[in-house]
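Produce the entire structure from the sequences given, and follow the hints as far as they go.
Number of protein chains: 4
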Amino acid sequence: MHVDDALSRLDRFEIETPAWGYADTGTRFGKFLQPAAARTIEEKIEDAATVHAFTGCCPRMATHVLWDFPEGVAPAQVAELALQEGIRIGSINPNLFQDQIYKYGSAASPNEKAREAADAHVERSIQIARETGSNVLSLWFADGTNYPAQDDLIRRKRAMASALHQWHDAMPEGMTLLVEYKPFEPAFYHSDIADWGMAYTFAQQAGARAKVLVDTGHHLPGANIEHIVAFLLDEGMLGGFHFNDRKYGDDDLTIGSIDPYAVFRIFAQIVLADEVHGIDTRSIAYMIDQSHNLKPKIEAMVQTAVTAQELYLKALLIPAARLLEAQASTDIVGAEEIYREAFYRHVRGPLAEWRRHRGHEASPLEAYRTSGIENERAKIRSDRRAAEGYTGGGSYA
Amino acid sequence: MHVDDALSRLDRFEIETPAWGYADTGTRFGKFLQPAAARTIEEKIEDAATVHAFTGCCPRMATHVLWDFPEGVAPAQVAELALQEGIRIGSINPNLFQDQIYKYGSAASPNEKAREAADAHVERSIQIARETGSNVLSLWFADGTNYPAQDDLIRRKRAMASALHQWHDAMPEGMTLLVEYKPFEPAFYHSDIADWGMAYTFAQQAGARAKVLVDTGHHLPGANIEHIVAFLLDEGMLGGFHFNDRKYGDDDLTIGSIDPYAVFRIFAQIVLADEVHGIDTRSIAYMIDQSHNLKPKIEAMVQTAVTAQELYLKALLIPAARLLEAQASTDIVGAEEIYREAFYRHVRGPLAEWRRHRGHEASPLEAYRTSGIENERAKIRSDRRAAEGYTGGGSYA
Amino acid sequence: MHVDDALSRLDRFEIETPAWGYADTGTRFGKFLQPAAARTIEEKIEDAATVHAFTGCCPRMATHVLWDFPEGVAPAQVAELALQEGIRIGSINPNLFQDQIYKYGSAASPNEKAREAADAHVERSIQIARETGSNVLSLWFADGTNYPAQDDLIRRKRAMASALHQWHDAMPEGMTLLVEYKPFEPAFYHSDIADWGMAYTFAQQAGARAKVLVDTGHHLPGANIEHIVAFLLDEGMLGGFHFNDRKYGDDDLTIGSIDPYAVFRIFAQIVLADEVHGIDTRSIAYMIDQSHNLKPKIEAMVQTAVTAQELYLKALLIPAARLLEAQASTDIVGAEEIYREAFYRHVRGPLAEWRRHRGHEASPLEAYRTSGIENERAKIRSDRRAAEGYTGGGSYA
Amino acid sequence: MHVDDALSRLDRFEIETPAWGYADTGTRFGKFLQPAAARTIEEKIEDAATVHAFTGCCPRMATHVLWDFPEGVAPAQVAELALQEGIRIGSINPNLFQDQIYKYGSAASPNEKAREAADAHVERSIQIARETGSNVLSLWFADGTNYPAQDDLIRRKRAMASALHQWHDAMPEGMTLLVEYKPFEPAFYHSDIADWGMAYTFAQQAGARAKVLVDTGHHLPGANIEHIVAFLLDEGMLGGFHFNDRKYGDDDLTIGSIDPYAVFRIFAQIVLADEVHGIDTRSIAYMIDQSHNLKPKIEAMVQTAVTAQELYLKALLIPAARLLEAQASTDIVGAEEIYREAFYRHVRGPLAEWRRHRGHEASPLEAYRTSGIENERAKIRSDRRAAEGYTGGGSYA
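Residue numbers (the numbering used here), protein chains in the order written: chain A, 17 to 413; chain B, 17 to 413; chain C, 17 to 413; chain D, 17 to 413.
Please note that the accuracy of each hint is not assured.
Copies of the same chain look alike in the list, so a pair counts if it fits in one copy or across any two.
Simulated pairs of lysine-lysine, BS3-like, Cα-Cα distance not exceeding 25 Å [to be verified]:
hint, residue 1, residue 2
1, K129, K119
2, K119, K395
3, K129, K395
These are computed hints drawn from the structure, not numbers from a lab.
In structure tokens:
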């Protein structure tokens with residue numbers, strides 16, 4: 017694709033940032049607290065709006081029902097607050113894992129009360145979606161078992177299918193249900209939705225508005241993610257992405273930090289599905305789900321957004337016709353070199369130009385890093401925490 | 017289940033052995049030749065019949081079209097020969113990878129001639145199935161690509177789906193199409209049928225008589241195979257197994273040699289699907305697909321058959337009602353101990369009794385190892401090879 | 017080995033339980049709290065003593081300096097308390113990861129203050145070891161980086177080597193330094209002591225009393241742990257074990273719950289190193305390091321101790337002379353069947369007898385599960401927590 | 017480093033190509049034959065010389081004793097032939113796996129005759145090295161076992177150590193012994209030299225001229241190769257590399273085809289070890305070991321050489337001082353962006369200039385692909401094969 021056409025495609029490339037990505041997170045061994053980390057929904061909106069202000073491509077913030085809409089908060093007010101800051105509420109993410117009731121799972125739990133709690137929470141989540149104007153309900157389950165024999169896998173499968181079907185039908189028209197999969201963690205023997213095949217089957221059985229959500233960190237070692245993406249695209253079942261990178265498990269690193277060529281190849285499948293096969297890829301939801309324990313939150317989010325733009329643009333620059341020709345003549349090296357040329361293409365110049373033209377920062381990451389905002393926010397928020405006597409933290413054992 | 021009931025289930029537990037498992041095989045670095053290895057279809061039938069004679073549970077031999085039915089051989093004669101030796105021809109396995117035409121794949125190749133060759137070969141395979149009285153067509157594809165960009169993944173997917181659909185419809189009634197999956201090797205970037213989700217989708221789209229074949233060695237590290245099995249069982253899509261064990265890739269070791277508890281858990285899912293959920297598991301095809309480069313061929317086959325019987329019997333001995341109770345009360349340790357008791361249950365005594373009662377060897381492996389057959393066959397076949405001037409072998413580069 | 021000799025070996029097989037294994041632990045997504053979980057050092061000692069009372073083979077409790085010896089507690093008093101309950105203080109485990117100062121590592125941190133804090137903490141740990149009569153200092157480091165380029169790997173390596181050397185020399189005579197390795201988590205790009213080869217090199221450079229600690233859950237997929245164990249044994253560098261089982265990452269499940277045959281093979285290497293090669297294996301420290309989020313704490317600990325005894329006993333029953341003979345004649349199936357016979361050998365009967373003879377419970381797990389202790393302790397400790405207003409828990413974000 | 021300095025470093029960056037990389041190779045499922053593939057040592061030298069002629073950086077060809085120096089060939093003549101074509105003989109690679117005698121291993125085999133055969137073959141290899149003027153003896157072992165219990169791991173370890181020590185001492189002064197490691201394949205239970213830690217220990221025990229050879233495809237999933245490289249560099253034990261890329265097992269794909277950023281990071285460790293820590297990296301042997309089943313042989317070799325040059329040059333362009341500063345101030349994002357800038361730096365222009373200046377092709381890959389050599393050689397060699405009646409090929413079973 018010509019660079020101008022490619023850039024005009026970029027106009028429509030929007031990336032949702034996650035509210036929880038602005039808060040302190042960590043590993044089971046503890047959290048390293050950041051003075052500028054957000055704790056309240058107001059602070060999260062402030063940060064998400066900052067990311068959008070610097071990048072121009074992050075107009076929505078995914079929210080987490082449990083953490084962002086505690087009982088008592090009016091969803092419409094949160095949506096209003098977001099609008100005032102210049103962003104909108106994006107996908108609604110129920111939390112079906114933190115409450116003690118979910119010890120043995122949520123929708124698949126053998127405990128009826130757990131399943132009821134899950135029902136109630138998802139119903140409330142749908143209501144929040146309505147009230148905030150969100151049209152995506154995004155479901156990740158920690159459901160699974162830790163030991164062989166712990167539970168009946170088929171009973172759990174049927175309970176999960178039934179819940180998803182019910183929730184699908186409870187959604188208002190125009191809302192999409194995204195079903196996420198993950199092979200392990202926090203369940204270490206089996207996870208009820210362990211891979212894309214299970215998510216696909218559950219989504220198909222749930223109803224027409226259910227699609228699969230691909231979290232780039234949720235695969236076993238070696239999985240060819242771009243192949244899964246292509247497969248789902250052709251089946252009309254790719255709902256969206258949670259972007260992050262990984263080297264080992266679900267490491268939740270910033271995208272492209274470990275294997276940028278793999279990210280490029282995922283984008284390439286999307287671009288080629290459209291260009292070569294006419295598959296409609298416009299409704300794919302691009303969302304960030306990273307948990308940068310060490311990198312400053314906003315900085316990491318801007319870095320990911322910019323990286324995603326760059327890698328997507330490189331994929332758009334693949335000359336599809338030439339590629340098809342090389343493929344048809346089984347010229348493996350020739351076809352590969354077309355990919356590599358696009359991948360190594362220098363896009364920062366044209367991107368800066370395009371950003372300037374649209375009234376954004378030419379170099380969002382650099383601009384943010386030199387803006388002084390991080391320090392400023394750290395000062396204000398530390399003082400606020402101190403005044404409230406908040407300590408955070410926690411211990412593994 | 018009570019041990020007598022369990023043993024009566026074992027009466028119906030038949031395991032198919034593979035013709036190619038009696039021949040010399042190896043790794044890409046070479047084959048270590050065994051003097052007693054079979055080379056002709058006659059020798060393979062002789063060996064498979066020996067395994068059945070010693071174990072009493074291996075009445076069928078899977079055949080490989082390219083190697084076992086070369087042009088000129090009449091399939092009905094082969095079937096007749098098998099019958100004379102006391103066995104039958106089992107699943108028919110087309111070969112869609114060895115011919116030079118398949119360099120870029122078979123059904124998914126960009127090369128029309130390769131796709132036509134695949135069509136012709138599968139049609140011939142179906143004909144062989146008819147003529148030999150086999151009712152299982154078992155398809156494994158080496159199709160895939162070795163480098164990013166090498167080919168168009170969606171075009172390949174559609175070509176594969178189309179071929180499977182066509183072949184499904186070409187089968188006579190009563191014949192089953194098994195679709196096998198494998199994440200990698202010999203394709204090292206993407207495999208067209210990479211996981212159970214893809215095999216499941218292709219099988220569903222092919223037609224009602226297509227099912228998924230689970231080769232226990234064809235998964236990425238950590239995959240929970242018994243979960244996949246349970247999922248497929250509940251979907252009515254589990255066609256059968258290729259038994260082998262692995263530690264790294266598709267190592268093709270004898271079953272239970274690396275992780276016997278995992279094999280037990282697979283059988284447990286099958287037993288429980290039947291007992292707890294009333295799922296019909298009788299048509300599952302149990303087949304061995306091992307490639308024992310070092311172990312003597314017949315010995316290894318007997319060892320696998322006996323191991324499978326023992327582990328299946330242990331799974332049958334799980335007290336399902338007590339297990340359900342422990343699961344319902346979320347007694348994780350209690351449920352797990354039920355599994356473990358069954359797994360460590362001493363079954364060799366009852367099994368020997370049961371075998372004797374059916375007129376078989378009480379200890380098939382020991383009986384074979386002390387029978388002198390191995391040496392005898394080694395002598396005859398070495399002489400035969402020498403007379404023919406056969407050398408075997410080959411070099412990696 | 018004859019079963020009587022094997023059982024007399026079991027007399028010397030002692031397993032250390034970890035203080036943190038009695039407390040509430042969890043994953044990054046949260047902790048599921050147990051009413052009977054221990055929170056104070058007194059409660060932990062009470063639980064460890066209970067495990068020893070039921071099993072007779074867990075006379076020591078590993079302690080964690082940060083959590084068990086907060087400033088103000090006199091180590092000698094803790095040791096005294098343990099003695100009164102019938103156990104002793106085992107290995108001393110410094111904590112070099114929880115404090116905010118360790119954000120970028122401890123001994124390998126680029127931050128001098130972090131390195132100084134680590135020094136001070138380890139010095140204090142050595143002092144605690146002296147005062148509690150412990151002779152094992154066990155070091156696990158969370159040190160590592162999360163992103164390429166984050167730090168200078170060679171500088172970190174040298175800093176780590178220097179710290180270990182210094183700490184080794186600071187130990188009193190008769191104390192052993194155990195160096196643990198782990199490929200990832202919580203560091204997701206590189207871990208400073210990532211594998212046994214690095215731990216081995218660091219231990220050799222630290223001094224003669226430094227050995228390698230093998231945590232059975234700290235390996236990449238497919239690693240042959242028993243091979244590493246054999247290698248270290250022959251090098252005289254195997255210090256001890258942290259027992260747990262895993263399917264994916266460092267899952268910290270109870271030992272033998274996923275792959276019991278692999279545990280048996282580890283024990284087999286230890287037994288054979290002694291019997292066949294005369295390697296002294298008596299000083300190997302066997303320690304449990306499991307984090308059973310769902311299983312009741314004491315129950316899980318008893319289960320692991322009993323499982324380890326059973327699997328070790330099975331390994332002791334391998335007839336070494338017959339095995340060597342089979343190996344020397346390259347009888348692969350014969351040698352394997354010797355392993356398998358020992359693995360499936362029924363040992364619960366003789367073990368029960370042996371336990372009774374020593375004045376212990378014949379079936380420790382069953383005895384504990386029916387003792388009513390769990391409920392009793394749950395009652396007392398819940399009340400205690402309620403009185404203190406303790407809530408535990410915590411949120412991922 | 018400034019681009020001019022970096023390019024002057026490139027003057028010394030030589031990459032050895034492997035003789036076997038010009039021949040037909042494959043997987044265990046078969047070889048796809050290429051008409052232009054080399055079969056004789058003369059043809060291999062011709063091809064290696066062509067690669068050097070186009071790239072200017074591949075002046076040596078690694079040879080494989082069994083395949084390239086069959087009995088009767090005079091090594092000095094081969095060396096002379098190479099010189100006439102403009103290249104030299106590089107590392108000498110004994111073959112200790114193809115002969116039937118090595119069924120149970122070579123140096124570690126329980127079979128004395130196998131160990132003797134290995135001794136004799138390595139001695140002959142050292143003699144060949146002398147006669148061809150090579151100073152690198154490169155050892156890869158297929159030694160290992162396929163089943164638990166198959167052999168005594170400690171006996172094998174000692175036999176391996178003893179052989180390596182003996183062979184080290186048999187080498188003339190100035191010759192280096194490279195010890196390669198590999199976790200699996202063709203041994204599927206344990207490999208005698210399974211990881212870098214074992215290779216390091218064996219090399220240290222062999223003698224001062226033994227070093228570790230890192231094959232980039234010989235690691236378990238997730239291994240951080242650049243960390244191993246940095247560790248070995250600091251220990252003075254990094255002997256060299258076998259370059260290739262992988263996604264699953266030892267896939268032997270062309271370097272940078274799957275994860276180019278990882279290759280860049282390996283080079284970065286080498287560059288930084290030198291620049292920051294003054295470690296002498298000049299004697300590292302860079303060798304290609306790829307087995308491009310599908311890509312045309314010479315084309316693939318040129319592609320790899322050019323890719324290695326580009327990625328090494330990018331690593332050289334890392335501004336070390338700025339990086340250290342970012343690292344010292346724990347500016348993770350800043351440090352990472354320095355890596356990324358270097359990685360995405362456009363180097364093809366300066367490289368073309370530098371090549372032209374040295375009298376080489378500006379774009380070696382393009383030049384070769386348009387040269388017509390491939391077709392020409394295919395024609396000549398097909399005719400030659402036809403005349404000789406050669407068929408190649410072979411069947412898996």
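Hints and how they fare:
no.	hint	result
1	K129 <-> K119	within (11 Å within a copy, 40 Å between copies)
2	K119 <-> K395	between (38 Å within a copy, 20 Å between copies)
3	K129 <-> K395	between (44 Å within a copy, 23 Å between copies)
No hint from the list above goes unmet by this structure.
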